[in-house]
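Note that the protein sequences, when read in sequence, are chains A and B.
The opening residue of the first sequence carries number 768 in my numbering; numbering runs sequentially from there.
The opening residue of the second sequence carries number 248 in my numbering; numbering runs sequentially from there.
Some hints here could point you the wrong way.
[Stated by the list, open to error] Okay, derived cross-link-like pairs now, EDC-like style, lysine to aspartate or glutamate, Cα gap no bigger than 16 Å in a straight line:
hint, chain 1, residue 1, chain 2, residue 2
1, A, Lys884, A, Asp918
2, B, Lys433, A, Asp921
3, A, Lys870, A, Asp918
4, A, Lys1121, A, Asp1078
5, A, Lys870, A, Asp921
6, B, Lys433, A, Asp885
7, A, Lys823, A, Asp807
8, A, Lys884, A, Asp921
9, B, Lys433, A, Asp861
[To be verified] Just a sample of chain B residues kept apart from chain A, beta carbon distances all over 10 Å, derived:
hint, residue
10, Gly301
11, Ala324
12, Arg362
Since the hints were derived computationally from the structure, they do not count as laboratory data.
All C-beta atoms, glycine included, are put in the ideal place defined by N, C-alpha and C.
Listed here are the chains, written in short residue letters.
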Amino acid sequence: MKKIVLVSLLLISAILLSSCAGGGSTRGTAGWTGLAADADYVYMADGNAVYAIDLKNGQEVWRFPAESSTAQVFFAPPVLTEDGQVLIGSEGTDHSFYSLDIKTGKENWAKSFTEAKDRWIASPLVHNELIYAPNADGFLYVLNMEGKLIDKIDLGGELWTAPVTDGTSIYVTSHAHQLQVVNIATRKITQTLELDGAIPGGLTNGENAIYFGSFSKKLTVISNGRQATLTETPNWIWGAPLLDGDTLYYADLNGNAYSYNLSSAQKNWEVALGTAIIASPVLFEGNLIVATEGTGKGALSGTIIALNTKDGSQVWEYATEGKVYSNMITAKGLILVSPMSAEFHLIALDMNGKEEWTFTPGQ
Amino acid sequence: MNNSKSNQAVPQVSASGSVKTILVITILALIAWQWNGFIAIFVNALVLIYGLVGNNFGLAIIIFTILIRVVTWPLNAQQMKGAQAMQELQSDKEWQAIQKKYAKDREKLAAEQMRIYSERGISPFASCLPTLIQFPILIALYNSVSRALANNPVSMLDFSRKLYSFVDTSALVPLNSHFLWMNLGKPEGIPLPFDVSFLPNGFPLLALVVAITTYVQAKLTMPASANPNDQSAAISAQMAIMMPIMLGWFALTFPSGVAVYFVTSNLLGIAQYAIQGKANWSNLLPGGKNNSITKK
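With the hints as constraints, model all of the structure from the sequences given.
This is the structure we're talking about:
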């Protein structure tokens, strides 16, 4: 009897632990989608594949790889280059960084870049014919446009956010609660700023200033090498703030959206929208678009909300029937959103919040 | 007369066995009912300790394991006591006599066994029930380590929602997952100068340490028994082989933070047995008394 009990316990624990471990990274478990667009297509990093989708009708143009593998997982927004490359790294176990042909989705380089030791969670930055790709192994890899390693810079902590540049320096944040300033010419770290909290959503480049929100519940500016708190929030700020003239738009995990005037150093308005706001806000046809995460279906689902930029009043809303985490983008008069746990993977809305098309990958 | 001698030979276990059984079952039911809350307690405790020890998650796991061991010390002590009582019962003359007498009458044998258990205040599950508590702790710890060392934005968001709002963790998260040569959020392995297809993470040093310490702990707790029909000893001997293999496999496959828990827990278990004078060190030597025990 005792033997049966013990053997059963071992089996149950093995099953429970195995089930906790999860399988390969796929959509909905590993991360969220990353979106980018040009005049014709929207490019979606979504689970085990990257898709090019026609903006006119939501039809798939190509996908990479043709045969999906659990070793490859994509969710950082792809970066589109002027010479027709789609750059994206894999968050999966392959640790590969790819350059795809923007027209066909075929690999451009003879071999993907595989020298990084960890996952590619952040998008790269392309500047002056060089690719600056941050990896979770703590290195900023500098590649030429043919995928050859030029240099790698140890930044000391996991890198999850895309770098930004002011033309002279590159700014990168790490999980070590630091913001590193790297000189482009020398590729050396020129300044390390200690932060109160990690920056999950990335940096926003302004004129002679860098803005960000963080887990420290603060909206912060870095200017002339110094950081200053602009304002505080009741919960973490996840998405990168949006800068429009002298106004910053941002949101927090309590579901509040804010407008902040940089000139007067005062909040213009704030509105409570219910559930957490993770995606960065975007401007679209004169409105501020924010997305709530959502907690269920119907009225409780993640909702795209258009707000009047002047007073934060609601213009329209669209319930996605899913949860919205990833950043929205705008292209060709459409706002593109990729909710999780919805019946579709991508939806295009017009300026009035009316559905134009949806996209769900076929087999 | 024989009975009284036998009674003296077998250690008496508290007659409150059934109360303890109910208590253990109640605790397990509460854990199952409030599983997410149980995980949240673990996550927050780990994060709190992480902050106190200078942002070192490996140390946080070790200290947390020590705390769990301290809290479950009475349970483990009871387990040892119960196991020893059951072990010694196997050599008891009255016990052996009823095994022979009612060998063909299982119902009568069961009734007689229960009578002896009752008379001597032994709960046959006294050594088993405390083990039950260990399993939710193990699974919760595995969950907590995986959640705390969030390795992508979704898991980071999930982790943030497990943190208590009254604890200011903004300066602590994301947690630093590096400890010694390990990334605690990933299976451990020391890189090899050549590729070995079945060892994708390198040489699994920690998994080996887990297997060895589990084996040592199991061997130390096997009481000496001269009775070749001793079922408990046979089970213990089988478990001493099965457990190291299973936990070694867990350590090989799961985040190394869980393996750190296994090693710490095993070492503390060995220490507890040694402190209580229950460690059977002779079992570790070749030809130790229990090595020859097999179920016939």
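Going through the hints against the structure:
At roughly 15 Å between alpha-carbon atoms, A:Lys884 and A:Asp918 fall within 16 Å of each other, so this suggested pair holds. Of the pairs offered as hints, the one joining B:Lys433 and A:Asp921 is violated, with about 21 Å between alpha carbons and a cut-off of 16 Å exceeded. For the suggested pair A:Lys870 and A:Asp918, the alpha carbons sit about 29 Å apart, so the restraint of at most 16 Å is broken. Straight-line distance between C-alpha atoms of A:Lys1121 and A:Asp1078 comes to about 23 Å, which puts the hinted pair past the 16 Å bound.
Straight-line distance between C-alpha atoms of A:Lys870 and A:Asp921 comes to about 34 Å, which puts the hinted pair past the 16 Å bound. Of the pairs offered as hints, the one joining B:Lys433 and A:Asp885 holds, with about 11 Å between alpha carbons and a cut-off of 16 Å not exceeded. Taken as a hint, the A:Lys823 and A:Asp807 pair is honoured in the structure, with Cα atoms around 8 Å apart against an allowance of 16 Å. With a C-alpha separation of about 12 Å, the suggested pairing of A:Lys884 with A:Asp921 holds against the 16 Å cut-off.
Note on B:Lys433 and A:Asp861: the hinted pairing holds, with a Cα-Cα distance of about 15 Å set against a maximum of 16 Å. Every Cβ of chain A is farther than 10 Å from the Cβ of B:Gly301; the closest lies at roughly 14 Å, confirming the non-interface assignment. Distance check for B:Ala324 against chain A: the nearest CB is about 19 Å away, which clears 10 Å, and the non-interface claim stands. Distance check on B:Arg362: its Cβ is at least 17 Å (rounded) from any Cβ of chain A, clearing the 10 Å threshold; non-interface status holds.
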